[in-house]
Amino acid sequence: MAKIKHNNLLDTVVSVMTNAKEAGAIHLYAEGDNFDGRQIQIKGKKLFHFGTTGYLGLEQDERLKQGAIEAISAYGTEFPLSKSYISHPLYAELEALMTEIYGHPIVITKNSTLGHMGVIPSVVDDGDGVILDHQVHWSVQSAVNPLKLRSVPVEMIRHNNLEMLESKIKKLQSKCRKIWYMADGMYSMFGDYAPIEELMVLCKKYPQLHIYFDDVHGMSWKGKHGSGYVMSILKELPDRVILFGTMSKTFGASGAVLVCSDKKIQQRVKNFGGPLTFSVQLEPAAVGAAIASAKIHLSDEIYKMQEELADRISYFNHYLKQTNLPIIVENDSPVFYIGAGMPETGFNLVNRLIKNGYYVNIGFFPAVPAKNTGLRITISRHNQKEEIKGLVDSLVEEFPKALKETKTNLERVNFAFGRGSKNLSLAKQNQSSLSLEAYNSIVEIDPRLWNSTVGGHSFYDWNGLKSLENILKDQNSPEHNNQFYYYIIRDENQKCLLATFLSFGIWKEDMLAPKSVSVAIEKIRETKPYYHTSTCLSLGSMISEGDHLYLDQDSPRWKEAFNLLLEEIEKLEKRLQPQYLILRDFDAGNEAIKSFLQNKGYVQVAMPESAVYTEFNWGCKKEYVNTLSKRSRKHFRNDIEAFKDKLEIKIRDNLSQSELERSFKLYMAVKDNNLGLNTFTYPFSLFQHMNSSSQWEFILIYLYDKHRTLAGVMFCYKNSEKIYTPAVVGMDYEFSREYNIYRQLLYQTILRAQQLGFIRIDFGLTAGFEKRKVGAKIIDKCAYIQTRDNFALEALDWLRKD
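Under my numbering, residues 1 to 802 are what the sequence shown spells out, in order.
I should point out that these hints are in silico values taken from the structure, not numbers from a laboratory.
Warning: the hint list may mix true and false statements.
Below, in silico cross-link-like pairs of lysine-lysine (BS3-like), each with a Cα-Cα straight-line distance of 25 Å or less [to be verified]:
no. : residue 1 : residue 2
1   : K168      : K204
2   : K21       : K355
3   : K148      : K175
4   : K178      : K235
Using the sequences and the accompanying hints, generate a full structural model.
Structural data, given as structure tokens:
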């Protein structure tokens, strides 16, 4: 079958970033003739600045400014030559000072991103392996990616999960000479730390383990000589630890610095470090400023600055703890994260604070899970205590207003971050005059209502769902057991605005991943059947297709109805604790739904394209063929019509036991050969139900050979709303290519639906090329996902790059 389209994570990120830009939260421009670090001007308004990464405020120190000015005067605006040939005169002094700060060999790099790109491929050998914390900075992940071209195995663990790390070490230790674990010393979003002491214990336990720390956010404000958070814990750098610091951010200048205790590694990187070899070196002004900063770091003055910052951090912490604000991580770092939950709540709050005279950063996907959007607030020595308290007062005043305006509450925010609410006074549910009805079974719902809404637009009508509920319970395999939940939302006049159903069960995380990813994972599942699987709460079910959500978008209250549904789904989440929440089978071109759900914290991902057939205005084969394109008519003659005398077509209401078992084997053959949409196998009891139900029938293709071989079967559902659904296909791959069995089945499906007087065929997902050839219309579909963290998405993205 044709290759299906897969989601590109970059497309998702660009879409989310565009949404944030349109909300006025990112891609802003600072204005004004000068900048003092304490205030920043945006759109003509002076704001107190709580978004800097210059935590000590050294970028405004007169000594650094003078160092930069003197360097420019002496050496020009740049020294346009690779350091591999000649370093400009100030470099030797800076290298000596940085060596003194760390007490170990160093290498100066243009910035940390280029530094990682140069260092990581140089220190990781072909026989090594890499393990990434899934929150390690993007620049580290990007530098690791090319290692896969050298067959270096790369694994990923959940954030700071030492049990998972040890498991990965055991997995790699038999085939890797060195195992590199890469993490941040201090993480830039939540301001939390790597468990450094515990990692050193693992290093003692596993001699192959080496640690690569990116500590750019821990630099200067912590440690002896401002050497950073990692060094404040380690005191001395062990042999098997490589450290990256920065001369940007808190250091106040520009550039980055590699630190290691192994002189051979330092010389190896310095001699040939990829972009470090070919890139233009730091500008004289940056080196001049860095020299001035290094001298401050080597004086006792750095400790006074650290104490002043610590005092401001403590002051901010003191006032925050007196509030109900959801502080996600409580520590002594200069980075604070106030949870907002939904992106629209975070954007709303950022704009409210700007209006009140305070600038803070927004934290959002992919830096954090979409539903973990929040305010990333940083404290620096520029911030005075009066504006620190003013920011807290403004947060206390504006936070509940932002919650109310975006129709959420503190309880929902805390739930999004896995926290219990400290005070539920802000957690009052939003009132709506719409009524929501919740059911646990389709039998509780009027069949006429269901079939005129959801049932008329999807695979299963009321009768089908009644049967499905009975099939997907009391099964031996956990993946074949589902729980069902139904919702109807009406207005005051009892008009139905929304109807849908969800199911809860186990899904394969690689369901929408490329085939190559699923092939690799399925090998592991031969011994670990539930590897990379998760519990999932989803619109529809794994067996159903089509539009699972009926939503009256012509109503001016459709957003109100949809939001009411999302609140109800959150109640289910609290009870079921799924790892994934998936709202699926939406038209990818529906921009209103896309904007609405992205603002609610859902990430859009592409689904395999869907196909429908509705062109039944023909009465005979010739007229049907004339509805096809010129190219498709040629395909019809060569791939379908040419074999009509070699194949026997049968339409059956039920099969003999042997025919049913043979048909199930043909389904399994298709399942095993098509991992582009990788789902669990359907239970045999589903096929037994098909065989006994009047709503199912079978299109069979036999060969005119001596064995009368059953070469293909289409399992078709007859929806009571005149929708014909070829839900499952089975083929014998020994004959499928020779006789074009799949196209034969598609064509016979169209003939059968026309014969029955049906108005639409839902051909379902995948194989869009094949379905287009028989006249089907292709529809781009998408899903919207929420996850507890980004780990599964990122881990599968790494597998995709293998």
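Exercise for review: For the pair we were handed, K21 and K355, check the Cα-Cα distance against 25 Å.
Suggested key: With a Cα-Cα distance of about 17 Å, the restraint between K21 and K355 holds, given a limit of 25 Å.
| said: Given the hinted pair K178 and K235, is their Cα-Cα distance within 25 Å? | reply: 24 Å, holds
| query | For the pair supplied as a hint, K148 and K175, is the alpha-carbon distance within the 25 Å limit? | reply | 15 Å, holds
Pair hint outcome, K168 versus K204 [Cα-Cα no greater than 25 Å]: 16 Å, holds
When the structure is compared with the earlier hints, no violation turns up for any of them.
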